[in-house]
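Top line first, the protein sequences correspond to chains A and B. Residue numbering for the first sequence is 11 to 114, as defined by our numbering. Residue numbering for the second sequence is 351 to 568, as defined by our numbering.
To be clear, the hints were calculated from the coordinates, so they are not data collected in a lab. Each statement offered as a hint is correct.
FRET-style restraints, in silico, Cβ to Cβ: (1) A/GLY59 with B/ALA383: 47 to 53 Å; (2) A/GLU62 with B/PRO527: 18 to 24 Å; (3) A/GLU62 with B/PRO516: 19 to 25 Å; (4) A/ILE33 with B/ARG554: 18 to 24 Å; (5) A/ILE33 with B/PRO565: 29 to 35 Å; (6) B/PRO565 with A/GLY77: 49 to 55 Å; (7) B/LYS480 with A/ALA106: 31 to 37 Å; (8) A/ARG21 with B/LEU446: 27 to 33 Å.
If the Cβ cut is set under 7 Å, some of the chain B residues that face chain A in the computed set are: (9) PRO387; (10) SER394; (11) ALA402; (12) ALA403; (13) LEU406.
In this text, a Cβ means the ideal position worked out from N, Cα and C, and glycines have one as well.
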Amino acid sequence: MAVRAFFQEHRRALLLIGVLLIISPLFGVIGAELVGYHEPLDVAAEAIGLEEAGIWSGLLPDYTVPGLPEDWAGLSVGYIISGIVGIAIILAIGLAVRALLTKG
Amino acid sequence: MHIPDGFLDPVTAGVCYIVMLVFTAYAIYRSRAAFKPEVITLASLLAAAIFAAQMLNWPLPGGTSLHMVGGALAGILLNPWLGELVLFVVLLVQCLVFGDGGITALGANVLNMGIIDVLVGYFLFVLLVKGREAKRPFRLLGAFLGGWLGITLAGVACGLEIGYSPAFPYGISITVPVMGLWHLALGVIEGIITALVVEYLAARAPSLIMSVKLPEVS
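Isolated chain A, as found in the complex (with noise of 0.2 Å):
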């Protein structure tokens, strides 16, 4: 199946990704808590008065999964996930216009 080809074709592409989602939560939520996650555009907004106005927060908002405790243990477990489910979305996308296009 081209799936199980796929994986097994590009296994150190996707080794790379795997390792950087596991790394990933040390970085967007423990690092981030640990510093205080302020990007230029938040500052660069805060100076000017600009407010985020709420029109969608996502399926999962933030990289979290609703319902997962709120500590640093649920969110990164919650950011994992995240991870997963983008990652997978991404693929299936691109396998899919694969397919679409390579039938002709």
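Position chain B relative to chain A; hints supplied.
Positioned in the frame of chain A, the structure of chain B alone reads:
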């Protein structure tokens, strides 16, 4: 650098959406010939890797953080058209599934990270490397400058977009320097990562870099 809903003037948001739609349609048109199974596979894996890399925020002492954008890398590895399509898919999924970047701001986010960053990365790399494909220092410098200045100019564009509104056009005198200077400083990391990834591939799998024709590994 993902602009949320509420930061943009409606006209700015609309103009950016038009730019996104036109560029993306043209990118699909220009990529027709490149839509081969192996290229689509490579682009999908790159999209997944960029998505994962964007989840790693570099928390820096002093409290201002940044994460990898990867637009320049996509432009260098593929070409501006496929690179934009890769970033477009990443930004669309981030926006719809994770609320990372507003729906009304998708056009602006694609313009900054998917078009400007990709184009700057591509052109700087090609400028420095074309004709000197075998020279390692030029490859490193081209990829470094592409990654660094790509994210910096994307930051400047982001500053222009959020700072400008017809009612208060002077916001840009604050937002552009803030965005430009922070990204100029923190973007060095993006430049280093871009250079390392490009050089790694140039040394091991040069055929994966499509923007220039690198010599095969002997």
